[in-house]
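For reference, the chains in residue letters:
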Amino acid sequence: MSLRLELRGVRVPLAEFTLEVDLLLDRPVTTFFGPSGAGKTTLLEVIAGLRRPAAGVVALDGEVLTDADGGRKFVRPEYRQIGYVPQDGALFPHRTVEDNLRYGFRAGGPAWAEVVAALEIGSLLDRSVRELSGGERRRVALGRALLAAPRLLLLDEPLAGLDDALRDRLGAYLRRVRETFGVPMIQVTHAADEVLAAGRVTRRGSPAELFVPTGEPQYRLRA
Amino acid sequence: MSPETLRVLGFSLGVAALATALIIPPGYALAWLLARKQWRGKTLVESLVVFPLVLPPVATGLFLLYLLGARGPLGGLVSMLGAGDILFTGKAVVLASAVMAFPLLVRTARVAFAGVDPRLEQVASTLGAGRARVAWTITVPLAAPGLAAAAVLAFARALGEFGATIMVAGYIPGETATLALSIYQQVQLGRDAAALGLAGLSLLLAFAAVALGEFIVRRARR
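So the sequence lines, in the order shown, correspond to chains U and B.
Heads up: the first sequence is residues 0 to 222, going by numbering that gives the first Met the number 0.
Heads up: the second sequence is residues 0 to 221, going by numbering that gives the first Met the number 0.
Hints were generated in silico from the structure; no laboratory data involved.
Note that the structure is predicted; figures quoted are calculated from it, not measured.
You may find that some hints are simply not true.
[As the list claims (entries may be wrong)] Here's a subset of chain B near chain U, in silico, CB distances under 8 Å, partners left out:
id	residue
1	A16
2	R118
3	L119
4	V122
5	A123
6	S124
7	T125
8	L126
9	A128
10	I137
11	P140
12	L141
[As the list claims (entries may be wrong)] Here's a subset of chain U near chain B, in silico, CB distances under 10 Å, partners left out:
id	residue
13	A47
14	R75
15	P76
16	R79
17	Q80
18	Y83
19	Y102
20	F104
21	A144
22	A147
23	G170
24	Y172
C-beta atoms are modelled at their ideal positions from N, C-alpha and C, and glycine is treated no differently.
Could you put the whole structure together from the sequences, leaning on the hints where they help?
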């Protein structure tokens with residue numbers, strides 16, 4: 000699936016620094032890698048429409064979603080069709096696994112049976128969310144986001160806080176999801192090995208080297 | 000129980016229920032605004048809401064008396080709305096109880112709303128849920144135990160209201176006589192046994208309210 004995500008002159012004042020981002024993404028999978036507090040989650044929130052930047056433009060496939068410069072446009076998250084999976088999954092604790100999965104279901108996206116099969120969550124459907132293990136939670140959260148037919152999927156630290164064995168298994172699920180459903184993904188992580196687990200490394204280096212404009216795609220995260 | 004006691008009990012329960020029902024919509028809304036939003040004048044409103052909790056109830060009653068009096072700022076409005084006289088009627092009892100129970104309702108409900116993880120609401124919105132659906136399917140169900148506890152507390156507070164009520168409604172048998180007012184009246188008349196009986200009844204009601212609150216919170220924890 001093709002994707003063209005643009006962030007132009009996005010500026011978000013944070014407690015410690017002001018996050019400034021200019022980037023153009025047109026690859027199926029992008030991983031942002033940086034230490035905690037670098038503004039990775041904030042970046043995802045801006046893309047998902049959960050946070051309004053002080054300035055800048057966010058556009059997906061030519062459609063302006065946020066214009067905090069002249070246009071003053073802001074598409075609310077419920078109209079963006081951008082999936083967001085926070086680190087802990089943020090499953091709704093008062094609903095069963097199946098109710099969680101159905102919450103955002105949209106026809107036209109990945110099929111129910113395929114998602115359930117790919118993530119192997121069929122046996123969990125009747126369970127209460129509170130009974131799930133860490134790995135199960137993340138698979139259900141991933142499935143819930145996929146079933147809402149996202150144009151783009153944002154994953155916040157998808158593999159953080161898991162032991163090695165679980166991380167490998169979940170990494171395999173992530174790859175399977177990418178191959179099966181072809182939904183473009185942006186993920187953020189603070190762990191170098193997760194960048195590798197995600198697939199091919201396109202560029203490697205210190206933040207200064209990575210985030211200086213060097214042609215396309217451009218990443219610039221400036222404190 | 001004498002018919003008179005029964006009538007007082009019924010009236011008190013009715014007043015407390017009506018007062019609670021009246022303050023629930025604005026109280027929950029305000030609690031949500033205080034828990035979730037930043038806005039101008041928030042600190043001022045926060046202080047105003049606490050006032051009836053820290054002021055002597057009699058003082059609150061006195062303010063209400065002036066506000067609602069025929070020449071008070073709200074008196075004209077009230078008669079314009081066709082509500083007629085409020086002071087020294089059952090309506091005044093309900094109003095005084097509502098005003099006194101409001102802070103407790105708002106503060107407890109605010110904690111309930113603040114306890115709902117905003118991440119859950121955010122994720123719901125990325126799944127296509129608009130604000131109303133998020134509120135109805137995520138925020139309210141998760142805050143429900145706390146909201147119910149807030150209502151029970153407000154009800155109990157309204158049931159025990161005395162200071163503000165005596166100012167705006169007085170003690171009029173069959174008209175404004177609540178449990179609390181009757182206890183005071185019986186003591187004034189030297190009928191200690193009757194007063195004690197009514198006080199015992201209050202104790203039972205308070206116990207029931209606290210037990211109900213505990214039950215709701217425990218059931219939600221499971």
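Verification of the hints:
1. A16: Violated - the Cβ of A16(B) stays beyond 8 Å from chain U, reaching only about 28 Å at its closest.
2. R118: 5 Å, holds
3. L119: 5 Å, holds
4. V122: 5 Å, holds
5. A123: Hint on A123(B): holds, closest Cβ of chain U at ~7 Å, below 8 Å.
6. S124: 4 Å, holds
7. T125: Holds. Min distance 4 Å.
8. L126: At 3 Å from the nearest chain U Cβ, L126(B) passes the 8 Å test, so the hint holds.
9. A128: The hint holds - A128(B) has a Cβ within 8 Å of chain U, the shortest such distance being about 6 Å.
10. I137: 6 Å, holds
11. P140: 5 Å, holds
12. L141: At about 6 Å, which falls below the 8 Å cut-off, the nearest Cβ of chain U leaves the hint on L141(B) intact, so it holds.
13. A47: 5 Å, holds
14. R75: Interface hint status for R75(U): holds (7 Å vs cutoff 10 Å).
15. P76: Where the cut-off is 10 Å and the nearest Cβ of chain B is about 4 Å from P76(U), the hint holds.
16. R79: With a minimum Cβ separation of about 7 Å from chain B (threshold 10 Å), the hint on R79(U) holds.
17. Q80: 7 Å, holds
18. Y83: At 4 Å from the nearest chain B Cβ, Y83(U) passes the 10 Å test, so the hint holds.
19. Y102: 5 Å, holds
20. F104: Holds. Min distance 9 Å.
21. A144: 7 Å, holds
22. A147: Holds - the Cβ of A147(U) comes within 10 Å of chain B, reaching about 5 Å at its closest.
23. G170: 22 Å, violated
24. Y172: 19 Å, violated
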